[in-house]
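Undergrad: Listed in order, the protein sequences are those of chains H and L.
With this note's numbering, letter number 12 in the first sequence gets 12, and the count goes up by one each step, no holes.
With this note's numbering, letter number 31 in the second sequence gets 31, and the count goes up by one each step, no holes.
Think of the hints as simulated: they come from the structure by calculation, not from any bench.
It should be emphasised that the depicted structure is a prediction, and the values quoted were computed from it without experimental measurement.
Hints may contain errors.
Listed below are the simulated DSS-like cross-link pairs for lysine-lysine, each with C-alpha atoms no more than 30 Å apart in a straight line [said to hold, decoys possible]:
| # | chain 1 | residue 1 | chain 2 | residue 2 |
| --- | --- | --- | --- | --- |
| 1 | H | Lys134 | H | Lys38 |
| 2 | L | Lys38 | L | Lys116 |
| 3 | L | Lys38 | H | Lys134 |
| 4 | H | Lys116 | H | Lys38 |
| 5 | L | Lys134 | H | Lys116 |
| 6 | L | Lys116 | L | Lys134 |
| 7 | H | Lys116 | H | Lys134 |
| 8 | L | Lys134 | H | Lys134 |
| 9 | H | Lys38 | L | Lys134 |
| 10 | H | Lys134 | L | Lys116 |
| 11 | L | Lys38 | L | Lys134 |
Coverage of chain H stretches by chain L, computed from C-beta distances (three or more under 8 Å per stretch; other residues unrestricted) [as the list claims (entries may be wrong)]:
| # | region |
| --- | --- |
| 12 | 66–77 |
| 13 | 83–95 |
| 14 | 98–106 |
| 15 | 122–131 |
| 16 | 139–153 |
Just a few of them, taken from the derived set where beta-carbon distance is under 8 Å, the chain L residues facing chain H [to be verified]:
| # | residue |
| --- | --- |
| 17 | Asp64 |
| 18 | Asp78 |
| 19 | Phe98 |
| 20 | Ala129 |
Where is the CB? At the ideal position from N, CA and C, for every residue including glycine.
There are 2 protein chains.
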Amino acid sequence: MSALVLHEYAQSGNCYKIRLTAAHLGIPLERREYDIMKGETRSQQFLGEVNANGRIPVLQAGNDFLPESNAACFYLADGSDLIPHDRFERADMLHWMFWEQYNHEPNVATLRFWLKWIGEANFTELQRAQYPVKRAAGEAALALMDAHLEHRAFFVLDRLTLADIALYAYTHVCEDGGFDLQRYPCIRAWLDRVAALPGHIPITT
Amino acid sequence: MSALVLHEYAQSGNCYKIRLTAAHLGIPLERREYDIMKGETRSQQFLGEVNANGRIPVLQAGNDFLPESNAACFYLADGSDLIPHDRFERADMLHWMFWEQYNHEPNVATLRFWLKWIGEANFTELQRAQYPVKRAAGEAALALMDAHLEHRAFFVLDRLTLADIALYAYTHVCEDGGFDLQRYPCIRAWLDRVAALPGHIPITT
Numbered sequence: 001m002s003a004l005v006l007h008e009y010a011q012s013g014n015c016y017k018i019r020l021t022a023a024h025l026g027i028p029l030e031r032r033e034y035d036i037m038k039g040e041t042r043s044q045q046f047l048g049e050v051n052a053n054g055r056i057p058v059l060q061a062g063n064d065f066l067p068e069s070n071a072a073c074f075y076l077a078d079g080s081d082l083i084p085h086d087r088f089e090r091a092d093m094l095h096w097m098f099w100e101q102y103n104h105e106p107n108v109a110t111l112r113f114w115l116k117w118i119g120e121a122n123f124t125e126l127q128r129a130q131y132p133v134k135r136a137a138g139e140a141a142l143a144l145m146d147a148h149l150e151h152r153a154f155f156v157l158d159r160l161t162l163a164d165i166a167l168y169a170y171t172h173v174c175e176d177g178g179f180d181l182q183r184y185p186c187i188r189a190w191l192d193r194v195a196a197l198p199g200h201i202p203i204t205t
Numbered sequence: 001m002s003a004l005v006l007h008e009y010a011q012s013g014n015c016y017k018i019r020l021t022a023a024h025l026g027i028p029l030e031r032r033e034y035d036i037m038k039g040e041t042r043s044q045q046f047l048g049e050v051n052a053n054g055r056i057p058v059l060q061a062g063n064d065f066l067p068e069s070n071a072a073c074f075y076l077a078d079g080s081d082l083i084p085h086d087r088f089e090r091a092d093m094l095h096w097m098f099w100e101q102y103n104h105e106p107n108v109a110t111l112r113f114w115l116k117w118i119g120e121a122n123f124t125e126l127q128r129a130q131y132p133v134k135r136a137a138g139e140a141a142l143a144l145m146d147a148h149l150e151h152r153a154f155f156v157l158d159r160l161t162l163a164d165i166a167l168y169a170y171t172h173v174c175e176d177g178g179f180d181l182q183r184y185p186c187i188r189a190w191l192d193r194v195a196a197l198p199g200h201i202p203i204t205t
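Isolated chain H, as found in the complex (with noise of 0.2 Å):
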């Protein structure tokens, strides 16, 4: 594999989720910071050499760039145990990381950064208006997760998929978006043998 260079805003769960895979595969990273706030993923060079679609994570694989978390996670694990190695289970893996890239992170991982970095205070009326929707959506997200996890210790198989290191990202800072834990009992089960395990690293790291 060619020198991995991760182009991130440390605190997005997209980017955690890709250096939380690498931690559990031992592969290292080279980071790199941009300040989203400050608009630094919307620069002329880094949509023209970077990514034209102005957002973080990118993985640089040597001269190659891989936008879109889900898809570098799978770059890195491609023919590892953190994905399985059977047909339909691989297709649910990918399943569950469609689900998040579509169900979960617009609403859960919206409302963590509307609430943390924006502030109510200063929504603008479309923001005002959507909030009531999102939350909806992202208890449904988070209840569907809980539901499925009542007899299950992972995702997919008996051990960490990337289907729960895409879910985790995003569900393990969810009260950030105002979301109640103690609401989902199985989720936070969950949460704890996802942490507890060996090679596991903190969003913080």
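Once you have looked at the hints, place chain L on chain H.
TA: Okay, now just chain L, sitting in the frame of chain H:
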């Protein structure tokens, strides 16, 4: 592979992706239609047996159920030439598929649904407020695709992969959502290339 049943709403681009992937691979699918406008995917039976998330498509393989369109495409195509055999290119294909679900579908597909199924006269206040935001985000997604395709025949390799299938599904009907393909000549040429391939089927199939 077990017998496959596609639980779907045929006009949905997300369902079409799976049929298009199966057509290119010559894999037969049994199809079961649900009327999403009548809430048939929110019934207790559907939520309990098919998908707790209340959404189509779901690909059923024997007694196992796989939600999320792009995960279902990956399952069908796993090991075939529709997925790059090189590790970085495989992840790059997934990058476009995650991008499709995060940046493209919630704008390009949602405006199609809003305009063609709901109708502008029936918009809620929130939909009216979100409309210009989704319009701008949809145009930005199409512009990014057009720029990417300026010097490329397909999204990842010089041949069709799941990235093209995932993005073709809603892009080729984006004018239903009020987008004007005349603004995107490289997308138009790519749509023609995809549609001309042996094995291609239209969304109306």
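Undergrad: Does each hint fit the structure? Answer for all of them.
TA: Tested hints:
For the proposed pair H/Lys134 and H/Lys38, the alpha carbon gap of about 25 Å is at most 30 Å, so the pair holds. The suggested pairing of L/Lys38 with L/Lys116 holds, with an alpha-carbon distance near 16 Å, which does not exceed 30 Å. For the proposed pair L/Lys38 and H/Lys134, the alpha carbon gap of about 24 Å is at most 30 Å, so the pair holds. Of the supplied pair hints, the one linking H/Lys116 and H/Lys38 holds, its CA atoms being roughly 16 Å apart against a limit of 30 Å.
At roughly 24 Å between alpha-carbon atoms, L/Lys134 and H/Lys116 fall within 30 Å of each other, so this suggested pair holds. The straight-line distance between the Cα atoms of L/Lys116 and L/Lys134 is roughly 15 Å, inside the 30 Å bound, and the hint therefore holds. Simply put, H/Lys116 and H/Lys134 have alpha-carbon atoms about 15 Å apart, close enough for the 30 Å limit, and the pair holds. The hinted pair formed by L/Lys134 and H/Lys134 meets the criterion: a straight-line CA distance of about 16 Å does not exceed 30 Å.
Distance restraint check for H/Lys38 and L/Lys134: the Cα-Cα separation of roughly 24 Å lies within the 30 Å cut-off, and the hinted pair is therefore satisfied. About 24 Å separates the Cα atoms of H/Lys134 and L/Lys116, which keeps this hinted pair within 30 Å; it holds. Our distance criterion of 30 Å between C-alpha atoms is met by L/Lys38 and L/Lys134, whose separation comes to about 25 Å. Against chain L, the region 66–77 of chain H contributes 9 residues with a C-beta closer than 8 Å to a partner C-beta. That satisfies the three-residue criterion, and the hint holds.
Counting residues of the region 83–95 of chain H whose C-beta lies closer than 8 Å to any C-beta of chain L gives 7; at least three are required, and the coverage claim holds. Counting residues of the region 98–106 of chain H whose CB falls under 8 Å from any CB of chain L gives 7; the rule of at least 3 is met. Residues of the region 122–131 of chain H with a Cβ under 8 Å from some Cβ of chain L number 4, which satisfies the need for three, so the listed coverage holds. Given as covered by chain L, the region 139–153 of chain H passes the check, having 3 residues with a CB less than 8 Å from a CB of that chain where 3 are the minimum.
A distance limit of 8 Å between C-beta atoms decides the matter here; for L/Asp64 the minimum to chain H is near 6 Å, and the interface restraint holds. For the restraint placing L/Asp78 at the interface with chain H, the shortest Cβ-Cβ distance is roughly 5 Å, inside the 8 Å limit, so the hint holds. A least Cβ separation of about 4 Å between L/Phe98 and chain H falls short of the 8 Å threshold, and the interface hint therefore holds. Using the Cβ-Cβ criterion of 8 Å, the hint placing L/Ala129 at the interface with chain H is satisfied: the shortest such distance is roughly 5 Å.
Going down the numbered hints, you'll see the structure goes against none, and every one checks out.
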